[in-house]
Amino acid sequence: MDNRQKEIDNLKDYKYGFTTDIENTRAPKGLNEDVIRFISKIKKEPQWMLDFRLKAFQRFKQLKEPDWQKPKYPKIDYQDLYYYSAPKSMKDKPKNLDDLDPKLLETYKKLGIPLQEQKRLNGIAVDAVFDSVSVATTFREELTKQGIIFCPISEAIQNHPELVKKYLGSVIPVTDHFFATLNSAVFTDGSFAYIPQGVRCPMELSTYFRINASNTGQFERTLIVADKGSYVSYLEGCTAPMRDENQLHAANVELVALDDAEIKYSTVQNWYPGDKDGKGGIYNFVTKRGLCKGKNSKISWTQVETGSAITWKYPSCILKGDNSVGEFYSIAITNNYQKADTGTKMIHLGKNTKSKIISKGISAGHSDMTYRGLVDISPKASNSNNYTQCDSLLMGNKCGAHTVPYIKNKNSESNIAHEATTSKISEEQLHYCQQRGLSAEESVGLIVNGFCKEVLQQLPMEFAVEAQKLVGISLEGSVG
Amino acid sequence: MKEQLQKDFNNTIKNLTLSQKDIEIKKFYLDNFINKGFPNRNEEDWKFSDLNQIIKKNIGELSFYSDYTSTNKVDTSAFVDGLEHNKIVFINGRIEKIDFHYEEKDQIEIIDQSETINKFNNNSSLSDLNSAFTNKSFKIVVKEGYQLTKPLIIYHTTNSKIWSKNINLRLNFELYENSSLRLIDLFRDTSEKNFLNIFYNFDLKENSILKNYKVDKFENKNIKYSFNNIEQDKNSISETFILSSGSNFCKNEINCNLNGEYSSAFINGIFSINKNKHHEIRTIINHLTENTKSYQLIKSVLEDSSRAVYQGKIFVNSKAQKTDGYQLSKAILLNKDSEFNAKPELEIYADDVKCSHGSASGSLNEDSIFYLMSRGLNYQQSKELLINGFLLDVVEKITDPEVKNLIKNMIGIKE
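These protein sequence lines are chains L and G, in that order. Mapping to the working numbering: the first sequence position 250 is 250, numbers consecutive. Mapping to the working numbering: the second sequence position 190 is 1190, numbers consecutive.
Read the hints as simulated data drawn from the structure, not as lab findings. All clues given are correct.
From the structure, some residues in chain G lie toward chain L, with a derived Cβ separation under 10 Å:
| id | residue |
| --- | --- |
| 1 | Phe1048 |
| 2 | Ser1318 |
| 3 | Ala1331 |
| 4 | Lys1343 |
| 5 | Leu1346 |
| 6 | Ser1361 |
| 7 | Gly1362 |
We put the CB at the ideal spot given by N, CA and C, even for glycine.
Sequences are here, hints too, so could you generate the full structure?
Listed below in structure tokens is the structure:
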């Protein structure tokens, strides 16, 4: 009885903590050239793709795992992971949603992404990635009419090799850092989106990631290319079942914006954060980088980070085109024993480039949160501007909040302004809310939502509501 | 470099009267330094200033041995006029004069610590180097309740007798309860291409006040590193002012531990550099107990292809509730080749704190220049007036009126 109660309690904490029993096809355990060839073969990839992977793997073997980050973690045995895991029924890809394994559909329903209903109601095109493979993409026909390509990247490699070849690895090269290179070698699937010239994508594109199998690393790769004058808004959500061991998630996301194009990338990250004592949870070591390649282009990152045992990522913008704009809006919440080391990099290369960083960090329980960011204005980036604001909120004296900005100004005509504050929820605010009849917890939720408002309002409508709720849930039990 | 170090070390030891045990300790530090070498950009604290490269580029081969057996003549004309003061004179790294004749004899104690090697609260390779090679080290004790009537000026003078040398200095200060000390470090160099490595330790007991003004104003080609460690007891106050301007390369590091309740630390700094100069200030304020306060203000004016770096860290541990920490750095870049790098850092483990930092860098405000020019000033005058006002802000933070005037005159800042 006790055990059962415990289980129920656990489920209350993390409602996505279920596993789905689906037969999996897995690559042999471990990381070596054969496994990479196996992945490439099972995905029926052309030779150039295999070469790309092998090149990355050669490089990977020479790299050392970085250790400068604030949250330390026990050493990961990269030979003890499965690098490929796919639901067996996916071996021959389903043609449409009706062919999908009903169990999979059930899973996505539990996650709140009923693929079929969503197709009709929300008007969001979804690409769902289950463990390592993309299982379903909705709304494809309507997008095709406009010339928009939105499909799993493995499909894009087959059907649009010219585009993939041109842009894959152009922002995150195979010679990048440890985790990015690992991803280049073993990535299994992810989403690909191409918005042709002058097209404004009529709906939000969305990917839902889920890690299901145990002992599996999820290495997905997303590539979004916005051609001249186009616009796209992209959403990403993620969940994973509750497991005692830590699981690695090392994705790469590459964005390319050409002249006058705009990409808006929003993430609501809710990977399993581990239990109250910090056992289990996902290691979320993700590389996200956007290249404002053309003039007047714009890339905007919005993230709400509430999950994962360790979050370690810096969605970045390389502002190469003149007049390009980079934005970064972030809410990161850590509770219990969660750790986060996140922030952004704004690299100004072109003239008249602008960037804006708004980061809100909230730490509670025994958690530890770091904002780490880089603003680099190169000598040629005349007339550039950056504004950075990072605020931290602490709840209790067992958690930590840190700010580590790196600011480099090499151009006298450019301005950088940086502000950071650290504070706690004031007694007056709490008192005021409670006096109006709210409970302590509701009051904290309200105040925190106000604290985060600047970022929440950047999210697309559908996500904003979910994110707002998530902010409340993540902090449950942190006061009183 | 290893053979050079060994040889110079043996020569240095020969001139000192040390016990076998002390020689062993010094050897230990030497080996440490040989292993680590000069800090380079792979170390986080030296990310923006690669000392190893800078020494290689500007000096080349360093020699670590100095002959301290003969005295240098003290040039009294170099002393500060119009301000009565106590003196400590270093010439080429040799301590030539300690003069406290304005003060009551029994209230100040000067202890020769040359024969006891103190561990320094810093395990960088530069402190190892310093421990291995310092030949004389003194401890200056200000007795309970005594406040020095005149400021103490430490003259750091080097002349053309030395070349490509490493000079290591070390001083230890202890301020007893209710005492106070005003200390001015004045750098006057006519030498070129030497590396000065200076370590100070301050121990501030209850209610004591330390005011330290470091003035590196005169043009020279030396490379300097200076480390201040400040330990503060209850109610103590430390004020540090840094004018970073003259040397080719200069890095000032302040590590301040606020150990006692209601202790406070103030750090104010000015970078005013031109040509190829590269200067850095790095501060670490550790708030270790309740109700402590720190305030930092750093302003930079950068000309030509100069480069300034400010790394400031406020650390608040979980016991240090009610901490008040503030940090602001502002930079004006006057030339397109100049560069300003900052890393203002907060590391906080307590929730009831007020901590913030700000950092801004950019060009002179054209609107302000336009305003001044519309009042009849020319461009140059407007620019000078704006910079003057920009820096005056920091100088005005100096709490000692005598020293404030002295420094104003020295940098030529008008009110």
